[in-house]
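Trainee: Here is what each chain is made of, one letter per residue.
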Amino acid sequence: MENRITHLFKVKQQQVLSVFFTAGFPEKTDTASIAQALEAAGVDLIEIGIPFSDPIADGPTIQESNKIALDGGMTVALLLQQVADIRPTITMPIVLMGYLNPVMQYGVEKFLREAARAGVDGLILPDLPLAEYLQEYKALTEELNLSVSFLIAPTTSEERIREIDAVSTGFIYAVSSSSTTGAKAEFSPDQQAYFKRLHAMKLNHPCLIGFGISNAKTWQQANAFAAGAIVGSSFIAQLKKDKSPAAIKQFVQTLTTP
Amino acid sequence: MNFQVNKQGYYGRFGGAYIPEMLYPNIEDLRERYLAIMNEPEFQKEFQELLQHYVGRPTPLYRAKRLSEKYNATIFLKREDLCHTGAHKINNTIGQILLAKRLGKQKIIAETGAGQHGVATATVCALMGMECIVYMGQLDMDRQRPNVERMRILGTTVVPAMSGNKTLKDATNEAMRHWINHPTDTHYIIGSVVGPHPYPDMVARFQSVISMEIRNQLQTEVGNPYPDYIIACVGGGSNAAGAFYHYLQEEHVALVGVEAAGKGVDSGESAATTALGKPGVLHGSKTLLMQTPDGQVIEPYSISAGLDYPGIGPLHAHLFDVGRVQFVSATDDEAMEAGIELSRLEGIIPAIETAHAIAALSKFEFTPDDIVVINLSGRGDKDLETYIRWGKY
Ligand SMILES: Cc1ncc(COP(=O)(O)O)c(C=O)c1O
Chain A
1 MENRITHLFK VKQQQVLSVF FTAGFPEKTD TASIAQALEA AGVDLIEIGI
51 PFSDPIADGP TIQESNKIAL DGGMTVALLL QQVADIRPTI TMPIVLMGYL
101 NPVMQYGVEK FLREAARAGV DGLILPDLPL AEYLQEYKAL TEELNLSVSF
151 LIAPTTSEER IREIDAVSTG FIYAVSSSST TGAKAEFSPD QQAYFKRLHA
201 MKLNHPCLIG FGISNAKTWQ QANAFAAGAI VGSSFIAQLK KDKSPAAIKQ
251 FVQTLTTP
Chain B
1 MNFQVNKQGY YGRFGGAYIP EMLYPNIEDL RERYLAIMNE PEFQKEFQEL
51 LQHYVGRPTP LYRAKRLSEK YNATIFLKRE DLCHTGAHKI NNTIGQILLA
101 KRLGKQKIIA ETGAGQHGVA TATVCALMGM ECIVYMGQLD MDRQRPNVER
151 MRILGTTVVP AMSGNKTLKD ATNEAMRHWI NHPTDTHYII GSVVGPHPYP
201 DMVARFQSVI SMEIRNQLQT EVGNPYPDYI IACVGGGSNA AGAFYHYLQE
251 EHVALVGVEA AGKGVDSGES AATTALGKPG VLHGSKTLLM QTPDGQVIEP
301 YSISAGLDYP GIGPLHAHLF DVGRVQFVSA TDDEAMEAGI ELSRLEGIIP
351 AIETAHAIAA LSKFEFTPDD IVVINLSGRG DKDLETYIRW GKY
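From first to last, the protein sequence lines stand for chains A and B.
Okay, so the first sequence: first residue is 1 according to our numbering, each after it adds one.
Okay, so the second sequence: first residue is 1 according to our numbering, each after it adds one.
Worth double-checking, as some hints may not be accurate.
Which stretches of chain A does chain B cover? Using the computed rule of at least three CB atoms under 8 Å from a CB of chain B, they are [as the list claims (entries may be wrong)]:
no., stretch
1, 43-54
2, 63-75
3, 97-109
4, 146-154
Mimicking BS3-like on lysine-lysine, the simulated pairs with C-alpha atoms at most 25 Å apart in a straight line are [to be verified]:
no., chain 1, residue 1, chain 2, residue 2
5, B, Lys-166, A, Lys-67
6, B, Lys-7, A, Lys-138
7, A, Lys-67, B, Lys-7
8, B, Lys-166, A, Lys-110
Covered stretches of chain B, going by a simulated chain A footprint (3 or more residues, C-beta under 8 Å) [unchecked claim]:
no., stretch
9, 51-58
10, 69-82
11, 212-220
Keep in mind that the hints were calculated from the coordinates and are not lab data.
Glycine residues also receive a C-beta, built at the ideal position from the N, C-alpha and C atoms.
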């Protein structure tokens, strides 16, 4: 079967909306209903965060969701089970995103095989070094038809962006600013110049812009130069307020309506 | 055996640079340049002059007669407690601030546990006229009050870390987040041999002055540079790395690292990483790490803020792996008693971190000819409140 992420970008090259949420937040059993509500709301792709005790790349909102999820008993094994249960109920791609340590402890090979079996389509492991990916992950992720996305940041050199583009599968995660995760009201001229520069590089893989997408303005600014965007912190904040399918639908509409 | 870091940044199966992309350019810049900068004659001159005239090096190697009698050995204390600011930490911060200037950075951040590294960083920032922010766990700010005020007097902003157990691990998380948010103008002065490559190697090199001096001093004192034992406490492991560095190849010198057992290794309130840890990734390196089977980092515990860390530097994880260093642990009570004992026998009140190293003496059978060097990593001024609260003196 064609990888669902590959397929998505074949049929849609613009305004791709990916939504990130932390597994097991606000409640351990919420993962499925949130995923289903997001698909019903017209989202193209979901990234489910594997909670970790020490999320150094995350701002306060996602930090808190990690802590609540862990306190509520969320585990890697439970998440894989939840994904397996959700998979038959939605058609969009599912990406798992998380820090390396919980994956290492689960066992890299075991994790990859079980993720693929559960119906995961892609992975984002922000603290996985490229060299280690090439040595220990690449062959197996290819065999299992799992795509792997890497991050690039405004400070990433052109040479390294090309290197990342060459080894990525699926999409490239373009971090919007030199920052931890967190909502921003709008993007600065510098950030927009960086989006433009990325666009002009004509990379092999589509870019999704993440970190700081929070409203129609940032959504549009991202879409001006990329295939789409990833919204995380502001969605987590929404879940904290109201996690009902109606509220989730409203959130997506507000974000994507100019 | 070779104990140096390899080209990829590993010591055996430990080390590396496990960092989000936002930190990659900084770490890469540092990796490419640190050795060249450290080897510049101009850098070396400035570094050595500051170590001599500002820090007060070489620190004495003091023959502790009454302690020797008590433990039936010939015990020397390497007096890092006499360094300016009261601990070995400043050897590293002097080195890193000189490096930061050459990297073109204007601002400095640091994490601190006991506050010694924070004070040492605040001090060199005052010296160089650089802006400084230090992250410190809220709990540690409470138990190391004097150091918080020392940093503030020196002009540093101390920011409380409020997550987790509000100790060293959490302060390190916050410092890393700050660096992600300020990558271009800021250098992060990590306080131990932890973090992504090249930090462990760089910090070990700056601290290696300790063992270089021990070699020279022992040569003068006893006619050869080789002790039978070197004992040092291990939080992240920087004072131990410095004390062991120039002896790693000399397998006849027994190297002993002392971890904090807290209320007992198996009490659930401990920071004895080699006893309790498994390989994992935290703060940018693969190392031994106290964690749950699900890969969540366990909040460590020790009475000493400087040893209250769930990992150890990757060099130490490797030295443990291959058996080059023997790791033992001392409980809160053992350390406090040893701290009082050193005070009474030698008139030296040690830092509570350091007291763990003293406490290890009772775990060995020595003979009077055995030459034992204890790295006296710091003095106890900052810990008076903890001593007072403990009360048994
Ligand atoms: C006096 C003293 N010794 C030891 C340590 C532990 O650090 P390391 O293991 O890096 O030497 C500290 C840390 O704060 C300290 O202040």
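Trainee: Indicate, hint by hint, whether the structure satisfies it.
Mentor: Status of each hint after checking the structure:
Proximity of the stretch 43-54 of chain A to chain B, defined as three or more residues with a beta carbon under 8 Å from a beta carbon of that chain, is established by the 3 residues found. With 4 residues carrying a beta carbon less than 8 Å from a beta carbon of chain B, the stretch 63-75 of chain A meets the three-residue requirement, and the given coverage holds. Residues of the stretch 97-109 of chain A with a Cβ under 8 Å from some Cβ of chain B number 8, which satisfies the need for three, so the listed coverage holds. By the rule of at least three residues with a Cβ nearer than 8 Å to a Cβ of chain B, the coverage given for the stretch 146-154 of chain A holds, with 4 such residues.
The hinted pair formed by B/Lys-166 and A/Lys-67 meets the criterion: a straight-line CA distance of about 14 Å does not exceed 25 Å. Taking the CA atoms of B/Lys-7 and A/Lys-138, the gap is near 22 Å; set against the 25 Å cutoff, the hint holds. For the hint linking A/Lys-67 to B/Lys-7, the alpha-carbon distance of about 37 Å lies beyond 25 Å, and the restraint is violated. With a CA separation close to 34 Å, the supplied pair B/Lys-166 and A/Lys-110 exceeds the 25 Å bound.
Only when three residues or more bring their CB closer than 8 Å to a CB of chain A does the claim for the stretch 51-58 of chain B stand; here the count is 0, and the claim is violated. A count of 0 residues in the stretch 69-82 of chain B with a Cβ less than 8 Å from any Cβ of chain A is obtained; the coverage claim is therefore unmet, three being the minimum. A count of 0 residues in the stretch 212-220 of chain B with a Cβ less than 8 Å from any Cβ of chain A is obtained; the coverage claim is therefore unmet, three being the minimum.
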